[in-house]
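Colleague: Each chain, written out:
There are 2 protein chains.
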Amino acid sequence: MGRIELLPGPKLMLIVIDGVGDRPSRKLGFKTPLEAARKPNMDRMAREGCVGWHYPLSPGVAAGSGIAHMALFGYGESECPGRGVFEALGAGIELKEGDVAARINFATCDEMEVIVDRRAGRDGRYLDDLAKEIEEKLAENPFGVRIEVKHTTQHRGVIVVRGWKGECEVRDTDPGREGFKPILPKGKREIDRLIRFIHRKARKVMKESEWNKKREKEGINPANCLLIRGVGKYFPVEPFEERMGLRGAAIADNPLYLGVARFLGMKAFWVEDEEKVEKALELLGKYDFVFVHFKKTDNASHDGDCEKKRREIEKIDKLLKPLLELEDVALAITGDHATPCELKEHSGDPVPVLFWGKNVPKDDVEGFGEREVRRGWVGEIRGVDVLPMLINLAGRMKEVGK
Amino acid sequence: MGRIELLPGPKLMLIVIDGVGDRPSRKLGFKTPLEAARKPNMDRMAREGCVGWHYPLSPGVAAGSGIAHMALFGYGESECPGRGVFEALGAGIELKEGDVAARINFATCDEMEVIVDRRAGRDGRYLDDLAKEIEEKLAENPFGVRIEVKHTTQHRGVIVVRGWKGECEVRDTDPGREGFKPILPKGKREIDRLIRFIHRKARKVMKESEWNKKREKEGINPANCLLIRGVGKYFPVEPFEERMGLRGAAIADNPLYLGVARFLGMKAFWVEDEEKVEKALELLGKYDFVFVHFKKTDNASHDGDCEKKRREIEKIDKLLKPLLELEDVALAITGDHATPCELKEHSGDPVPVLFWGKNVPKDDVEGFGEREVRRGWVGEIRGVDVLPMLINLAGRMKEVGK
Numbered sequence: 276m277g278r279i280e281l282l283p284g285p286k287l288m289l290i291v292i293d294g295v296g297d298r299p300s301r302k303l304g305f306k307t308p309l310e311a312a313r314k315p316n317m318d319r320m321a322r323e324g325c326v327g328w329h330y331p332l333s334p335g336v337a338a339g340s341g342i343a344h345m346a347l348f349g350y351g352e353s354e355c356p357g358r359g360v361f362e363a364l365g366a367g368i369e370l371k372e373g374d375v376a377a378r379i380n381f382a383t384c385d386e387m388e389v390i391v392d393r394r395a396g397r398d399g400r401y402l403d404d405l406a407k408e409i410e411e412k413l414a415e416n417p418f419g420v421r422i423e424v425k426h427t428t429q430h431r432g433v434i435v436v437r438g439w440k441g442e443c444e445v446r447d448t449d450p451g452r453e454g455f456k457p458i459l460p461k462g463k464r465e466i467d468r469l470i471r472f473i474h475r476k477a478r479k480v481m482k483e484s485e486w487n488k489k490r491e492k493e494g495i496n497p498a499n500c501l502l503i504r505g506v507g508k509y510f511p512v513e514p515f516e517e518r519m520g521l522r523g524a525a526i527a528d529n530p531l532y533l534g535v536a537r538f539l540g541m542k543a544f545w546v547e548d549e550e551k552v553e554k555a556l557e558l559l560g561k562y563d564f565v566f567v568h569f570k571k572t573d574n575a576s577h578d579g580d581c582e583k584k585r586r587e588i589e590k591i592d593k594l595l596k597p598l599l600e601l602e603d604v605a606l607a608i609t610g611d612h613a614t615p616c617e618l619k620e621h622s623g624d625p626v627p628v629l630f631w632g633k634n635v636p637k638d639d640v641e642g643f644g645e646r647e648v649r650r651g652w653v654g655e656i657r658g659v660d661v662l663p664m665l666i667n668l669a670g671r672m673k674e675v676g677k
Numbered sequence: 276m277g278r279i280e281l282l283p284g285p286k287l288m289l290i291v292i293d294g295v296g297d298r299p300s301r302k303l304g305f306k307t308p309l310e311a312a313r314k315p316n317m318d319r320m321a322r323e324g325c326v327g328w329h330y331p332l333s334p335g336v337a338a339g340s341g342i343a344h345m346a347l348f349g350y351g352e353s354e355c356p357g358r359g360v361f362e363a364l365g366a367g368i369e370l371k372e373g374d375v376a377a378r379i380n381f382a383t384c385d386e387m388e389v390i391v392d393r394r395a396g397r398d399g400r401y402l403d404d405l406a407k408e409i410e411e412k413l414a415e416n417p418f419g420v421r422i423e424v425k426h427t428t429q430h431r432g433v434i435v436v437r438g439w440k441g442e443c444e445v446r447d448t449d450p451g452r453e454g455f456k457p458i459l460p461k462g463k464r465e466i467d468r469l470i471r472f473i474h475r476k477a478r479k480v481m482k483e484s485e486w487n488k489k490r491e492k493e494g495i496n497p498a499n500c501l502l503i504r505g506v507g508k509y510f511p512v513e514p515f516e517e518r519m520g521l522r523g524a525a526i527a528d529n530p531l532y533l534g535v536a537r538f539l540g541m542k543a544f545w546v547e548d549e550e551k552v553e554k555a556l557e558l559l560g561k562y563d564f565v566f567v568h569f570k571k572t573d574n575a576s577h578d579g580d581c582e583k584k585r586r587e588i589e590k591i592d593k594l595l596k597p598l599l600e601l602e603d604v605a606l607a608i609t610g611d612h613a614t615p616c617e618l619k620e621h622s623g624d625p626v627p628v629l630f631w632g633k634n635v636p637k638d639d640v641e642g643f644g645e646r647e648v649r650r651g652w653v654g655e656i657r658g659v660d661v662l663p664m665l666i667n668l669a670g671r672m673k674e675v676g677k
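Going line by line, the protein sequences match chains A and B.
The numbering used here numbers the first residue of the first sequence as 276 and each following residue consecutively.
The numbering used here numbers the first residue of the second sequence as 276 and each following residue consecutively.
In case anyone wonders, no lab produced these hints; they're calculated from the structure.
Since this is a predicted model, take the numbers as computed values, not measurements.
Misleading hints may appear alongside valid ones.
Since the list gives no way to pick out one identical chain from another, each pair is judged satisfied if it fits inside one copy or across any two copies.
Claimed, not checked - List time: in silico DSS-like cross-link candidates among lysine-lysine, alpha-carbon distance up to 25 Å:
hint, residue 1, residue 2
1, K456, K673
2, K425, K492
3, K677, K570
4, K302, K425
5, K302, K633
6, K476, K412
7, K677, K456
8, K554, K425
9, K461, K677
10, K583, K302
11, K571, K302
12, K571, K673
13, K412, K554
14, K637, K302
15, K619, K677
16, K673, K488
17, K492, K583
18, K619, K596
19, K673, K590
20, K571, K677
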């Protein structure tokens, strides 16, 4: 992507309904959750604005949420660090060039080190203290690096290795399901040794920790094993403000999306669903561009619950109502990828996108759904095209090569 | 293209109806052959599955069959060797890195070496023996290489130069129509000298050969001249199994398509139209992916016979009927490119594509034709997207950047 230059004009908003794209479901009368949802506000926007659909990366390719959001902000796959970097930034940890970050699960294993609960009861009690204890024991290490361990939400955490010199391409130790042991790298590389060192040291600390005795007394699974996922090295990329010419702010309630925004130099705010639109309206006073993320639709998709997904879409629609009052704003509403409820996984299906607001042209489409958008003004685009299209429809795209 | 990782799920099939894409014909009441054909099986698949269209390379670019199939298998233009390589592999000749291969026509020329029949009566009689005779005379050559000459079908053959050191970029000697002399390269490069050497030596042998006297006695045109086409050097590419994560087998009745499949490391089987589906069902037991190729539609297109093309589509549709019984398979049906009967040549027009089977979502389109697919779920993709899209619709695409 080259840099984009902007003309003056309305402020811009991007609203992502995570995993909103879906397939027709028998349970919904062969409609998709978006088609089936009662969503008068989005439908009005579709009626007053214009629509199309996007493939997040390329047709058929299922995108992870990090990479898919990077595309929506105008960044390619080669500009994406490992997911741990986003998660660490999203947890409020600052990273410098060369720092390595990974997500961790506090998990429960048995005597043979077979995982019996990948999420240690989804319970975060005493895990702040346990993380500190592990961190202390990792301070002395043969790699000459500082290792930080932080508990974030529920069973989740982040581990950061400061100033790592070598490569860091390494598989997750998380076997992905219960009944298996953690998968330790077998190689002789520094990173393989580091992962083994962290795993064993942490295991020893966790097995003996007083905090776990407290957990067991309270009837919750001990967190006696770390599962390491998405190891990635931080590197700086061209900031969003330079690439897109927009001073941006982000609103979400999940570390990953806040982390992506911070990685690109945006200000990022943790806000619950009910307050997101109000916060967005406030931030529009100060920023050129506000990104708002809604997560619950994707969770319902991963659970395979298309009716719940429809209800979550309806809730979001209600929350968006105040946006219809805006006069000097243009916005896009879309998903980062499709998560068909029947697959319970991200897919490479097309994702509907809607544009509305100041200067945005009106097409003949009267509602917002996977099939309705096929007759829309915008036609088929890619994830990286969504923001340039919004800038364009808002009348703010400056001619290239003039 | 990066590598694709797969989730478990249904086995996959790709059915290519060569050159199936076309334009509306006056003779067919302004329908295309595919639109006009009575094809209840494909229409049922379209009704139960979903559709779209693809541009083989990019919009407007007419693809050769080799390059178009390479795209369908997920390979770019830069990964395609000259066509002779595919033809040689398809004829069952093994190639090593550095081997050069070309297609040859056994042709008929007059005393002045003007081509009077580019295909020597399309008659293969005694050409096996004649090829051997030419090969013997080429054994002694000033290039220090082994040259192999093989007759394949009708007037066609293959020539292979083993262990060629230099470049091999060179024009076809085939003038492409009768009434012209073969076009010999004029340069001083080794490859220019080699082509001239082969041409002259072969011409001398063929002019004097007893096998041609037999042909003339039997009233068929002598094969007294070689036309050399599609010179290419073999090089290995990443095997299909590694790139797409699928163990593949191919079924066709033409060397080119078998050659492309072998070039990518697939097992390839020569099977006549009537037995193709039965063979495919057998191979599905052993392979993850089966490719089935039908050629006759393209032949009818090159003859400009849209009614014949329609009939060939109808015949293929009948042959596909047993596929409707499959329960744990997802398939795509498409063409490698369009060959509009009015042009009698490959074109860069859009090519309809149909997806059907396990997990594949149903869209609102009720039949399979150039115009009907425009309302389909899949929209516009490229040749290289067809297989990722099939993998995705079958619910087997693993998330990228998880």
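Colleague: Within a copy, between copies, both or neither: where do K412 and K554 come within 25 Å Cα-Cα?
Modeller: Close neither inside one copy (41 Å) nor across copies (63 Å); limit 25 Å.
Colleague: Checking K492 and K583: alpha-carbon separation at most 25 Å within a copy, between copies, both or neither?
Modeller: neither (35 Å within a copy, 81 Å between copies)
Colleague: Taking 25 Å as the upper bound on the Cα-Cα distance, should K619 and K677 be classified as within, between, both, or neither?
Modeller: between (47 Å within a copy, 14 Å between copies)
Colleague: Please work out whether the CA atoms of K476 and K412 approach to 25 Å or closer within one copy, between two copies, in both situations, or in neither?
Modeller: within (7 Å within a copy, 74 Å between copies)
Colleague: Between the shortest in-copy and the shortest cross-copy C-alpha distance, which are at most 25 Å for K677 and K456: within, between, both, or neither?
Modeller: between (60 Å within a copy, 21 Å between copies)
Colleague: As a check of your reading, is K425 near K492 (CA-CA no more than 25 Å) within one copy, between copies, both or neither?
Modeller: within (23 Å within a copy, 82 Å between copies)
Colleague: Please sort K461 with K677 into within, between, both or neither, judging by C-alpha distance up to 25 Å.
Modeller: Between. Shortest inter-copy distance 22 Å satisfies the 25 Å Cα cut-off; intra-copy 56 Å does not.
Colleague: If the cutoff is 25 Å on CA atoms, where do K571 and K673 land: within, between, both or neither? Let me know, please.
Modeller: between (36 Å within a copy, 22 Å between copies)
Colleague: Are the CA atoms of K673 and K488 at most 25 Å apart within a copy, between copies, both, or neither?
Modeller: Cα proximity of K673 and K488: none, with 63 Å in one copy and 39 Å across.
Colleague: I want to check one pair: K554 and K425. Are their C-alpha atoms no more than 25 Å apart within a copy, between two copies, both, or neither?
Modeller: neither (28 Å within a copy, 58 Å between copies)
Colleague: Given a CA cutoff of 25 Å, do K302 and K633 count as a within-copy pair, a between-copy pair, both, or neither?
Modeller: between (38 Å within a copy, 18 Å between copies)
Colleague: When Cα atoms must be at most 25 Å apart, do K673 and K590 count as within-copy, between-copy, both, or neither?
Modeller: Cα proximity of K673 and K590: none, with 37 Å in one copy and 30 Å across.
Of the hints listed earlier, those the structure fails to meet are numbers 4, 8, 13, 16, 17, 18 and 19, in rising order.
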